[in-house]
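Each chain, written out:
Number of protein chains: 2
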Amino acid sequence: MKYREQTIETLKKELKIEKDIYDTVLKEGINIDISRGKPCSEQLDLSNELLTILKDCALPTGPADVRNYGGLQGVLPMREIFADLLGVKVSQVMAGDNSSLNMMYDSVQRCMQFGVMGSTPWNKLEKVKFICPSPGYDRHFTVTSAFGIELITVPMDNEGPIMDVIESLVKSDDSIKGIWCVPKYSNPTGVTYSDAVVDRLASMECAASDFRIFWDNAYAVHDLYEDSTPLKNIYDSCDNAGNPNRVYMFTSTSKITLPGAGVACFASSDANIKDVLEIIKYQTIGPNKVNQFAHAQFLGNADGVRAIMKKHADIIRPKFQAILNVLEDEFGGSDIASWSKPLGGYFISYDVMNGCAKRVYELCKNAGLVITTVGDTFPYGRDDKDSNIRIAPTFTNTNELDKACKILVCSTKIACIEKIMADK
Amino acid sequence: MKYREQTIETLKKELKIEKDIYDTVLKEGINIDISRGKPCSEQLDLSNELLTILKDCALPTGPADVRNYGGLQGVLPMREIFADLLGVKVSQVMAGDNSSLNMMYDSVQRCMQFGVMGSTPWNKLEKVKFICPSPGYDRHFTVTSAFGIELITVPMDNEGPIMDVIESLVKSDDSIKGIWCVPKYSNPTGVTYSDAVVDRLASMECAASDFRIFWDNAYAVHDLYEDSTPLKNIYDSCDNAGNPNRVYMFTSTSKITLPGAGVACFASSDANIKDVLEIIKYQTIGPNKVNQFAHAQFLGNADGVRAIMKKHADIIRPKFQAILNVLEDEFGGSDIASWSKPLGGYFISYDVMNGCAKRVYELCKNAGLVITTVGDTFPYGRDDKDSNIRIAPTFTNTNELDKACKILVCSTKIACIEKIMADK
Chain A
461 MKYREQTIET LKKELKIEKD IYDTVLKEGI NIDISRGKPC SEQLDLSNEL
511 LTILKDCALP TGPADVRNYG GLQGVLPMRE IFADLLGVKV SQVMAGDNSS
561 LNMMYDSVQR CMQFGVMGST PWNKLEKVKF ICPSPGYDRH FTVTSAFGIE
611 LITVPMDNEG PIMDVIESLV KSDDSIKGIW CVPKYSNPTG VTYSDAVVDR
661 LASMECAASD FRIFWDNAYA VHDLYEDSTP LKNIYDSCDN AGNPNRVYMF
711 TSTSKITLPG AGVACFASSD ANIKDVLEII KYQTIGPNKV NQFAHAQFLG
761 NADGVRAIMK KHADIIRPKF QAILNVLEDE FGGSDIASWS KPLGGYFISY
811 DVMNGCAKRV YELCKNAGLV ITTVGDTFPY GRDDKDSNIR IAPTFTNTNE
861 LDKACKILVC STKIACIEKI MADK
Chain B
461 MKYREQTIET LKKELKIEKD IYDTVLKEGI NIDISRGKPC SEQLDLSNEL
511 LTILKDCALP TGPADVRNYG GLQGVLPMRE IFADLLGVKV SQVMAGDNSS
561 LNMMYDSVQR CMQFGVMGST PWNKLEKVKF ICPSPGYDRH FTVTSAFGIE
611 LITVPMDNEG PIMDVIESLV KSDDSIKGIW CVPKYSNPTG VTYSDAVVDR
661 LASMECAASD FRIFWDNAYA VHDLYEDSTP LKNIYDSCDN AGNPNRVYMF
711 TSTSKITLPG AGVACFASSD ANIKDVLEII KYQTIGPNKV NQFAHAQFLG
761 NADGVRAIMK KHADIIRPKF QAILNVLEDE FGGSDIASWS KPLGGYFISY
811 DVMNGCAKRV YELCKNAGLV ITTVGDTFPY GRDDKDSNIR IAPTFTNTNE
861 LDKACKILVC STKIACIEKI MADK
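If you're matching them up, the sequences are chains A and B in order.
According to our numbering, the first sequence is numbered sequentially starting from 461.
According to our numbering, the second sequence is numbered sequentially starting from 461.
Simulated from the structure, these hints should not be mistaken for laboratory data.
Glycine is no exception: its CB is placed at the ideal position from the N, C-alpha and C atoms.
Stretches of chain A that chain B covers, calculated by requiring three or more beta carbons in the stretch to come under 8 Å of a beta carbon on chain B: (1) 504-517; (2) 522-533; (3) 551-564; (4) 706-720; (5) 744-751.
Mimicking DSS-like on lysine-lysine, the simulated pairs with C-alpha atoms at most 30 Å apart in a straight line are: (6) A/K741 - B/K587; (7) A/K741 - B/K741; (8) A/K825 - B/K734; (9) A/K584 - B/K584; (10) A/K863 - A/K770; (11) B/K770 - A/K515; (12) B/K845 - A/K741; (13) A/K584 - B/K741; (14) B/K584 - A/K587; (15) B/K741 - A/K734; (16) B/K587 - A/K587; (17) A/K845 - B/K741; (18) B/K515 - A/K515; (19) A/K584 - B/K734; (20) B/K584 - A/K734; (21) B/K741 - A/K818; (22) A/K770 - B/K515; (23) B/K741 - A/K825; (24) B/K741 - A/K587; (25) B/K515 - A/K771; (26) A/K584 - B/K587.
Can you build the whole structure from these sequences, using the hints too?
This is the structure in structure tokens:
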């Protein structure tokens, strides 16, 4: 239905119908959370073998004993798996503890405190800015804003961030020191950066010589369907463009094995790794190597990773499809909602009529459905259009998801119809 | 033998004997490392059950599922064990990943970047200083010097650091922001701080309101003998003195279970924990909770910790005694060497005649025995007396330890006799 073309009379009738549905839902005492990209129990069970895999393994002995101190860069077999997945050399990979967010935060903090390869520590500069393609990942934005870094919102299209805007910004402003990217199955839009976007990021002229791309490849192998959407290797692009040190790459096994006990990864040029280790050597004697070793045993190699990812996809794909089907049924051809149709990752990006997202959020919340706080997908929590809602379908079971959809749909209709009526 | 009282003739004879021994040793092609406080394989084996303990455990389900995201402060049963060991409330405990050094580094970094409970970030002050009781732990000193913090050396006696000196320093100088302490079985001297020292640290007047004691209780339960040396609860002392927020406490299971895969702990007042979580929430979604849960299952409770520590002691006590016996046999009543007789911890602090430690180090190194770099036990790697050597007996097996002692003894004698002869 094109709601904006309807008479007040029709809208009133529609509103009444939706409010009745809403009132019925209210009485059900629902409590569902689709706000965060969390795997469900069934997904976690795919890695239960990991928890006891060391019972049959011979642990390395002597200096390589993973139970003892040492090994700042992580355990070799786990680094080899990451190197293979990311298309870099093993020497370029650091395997860490369970949180790639922690590695990203620490990377920003190191730049603030110590600079990059001998550059002025960012703390000592009057102004530091980061480019934030949006909608994007809230935790990226809050890391940089915690350090007082100014966030510059740059819109996304279906090839990635708008490169004309970015190129013009970084060329002239040396206080722009970095950009946050989720290049594959982007959070929340599901977009995978095109080859052209990757190449332009790698080769663009930057006023700041210590500009770094924070390349959070969180969904590197997180395909929902048989065919994987290819992502160009940005390290190679940077290297070819004569900017081998431009990119800090991150990934983790959080959504491959266990979010609460996975292995995170930082990968970059040998020179960047050296620069970073020079500081990290003061911070720790080494990450949890037993967990890394267990992971390497469990996953085997990059193909082992891809195999388990197919099992994840089989569990979560129906959840995505259930929501997409409802949205298509309810809003296909309508003028009040549009949404992404992701081929991977963890989110559906759902845009309602401008000025209505906060109201939808409130209505959902009051009915017991928690969705990501509206605005969180933008720097400073500010969605100027008040339009974007992030839906995370994975954690919830199918039965709950039906209810969640029901609430989301009638909340959307109520909010939008009210807005249209008020505007008339 | 009182070497300094001998004639040149006797010294020459002694030197010849020791050099012959040294030459014999040289031919053996020895390669032994007693430089770091690392548990030996036999100690690590005590925790092998930990690696597979989850096979028989029911994991918590629902929101408390340790496999999934969340739980910034760590897993409750592990926090309870730490709380019991440290004598604080569970709310005051954060359980982390495997490295307490990492928690200490991050704590210093947070103070530098964000200040303490709203105080001026230390980065913005012209000067920040830390008190470093010495000899002490090299990694503490390098953390603070990495941040450009000035290190003030304060000597130790057998009750802990010299409090008269410290009280006078912190009272008048508000750029002194902290002190590093290893209060029990101190690294390397083995000293446990007396009740008076604990109380004076807790109650002393500090010019800096954001002064923090970095209380690295790394050897909290690491007794070598049946009787544990008691350490007064510094949090209670601080609280009683009206300075409840003065102390940041750290400990870990690195030398209880596995250094490469243990659980570290930060404990402090509720107000400090709140202050710290306000920043850490940007840094990570949570530590490795599966590892924490496995630890809690394996250790059971504080008594379980004490039980495993007795087994550690049984393995390493003979190593300490072997070295102490040799030192007593060779240097008892001599005027060229003295040493600590620790009741716990991981080190023997060995002092040779002033001006001889570096030469002893060189001689040992050339004969294939690696000891801690001379100077490392002091700020900036500077042992002005060139006297202190740290011995770490645990990692090596008894057979190797005999050889290590032989090298250490003849190297000491050669270095000191040469020095005495040169001085005459």
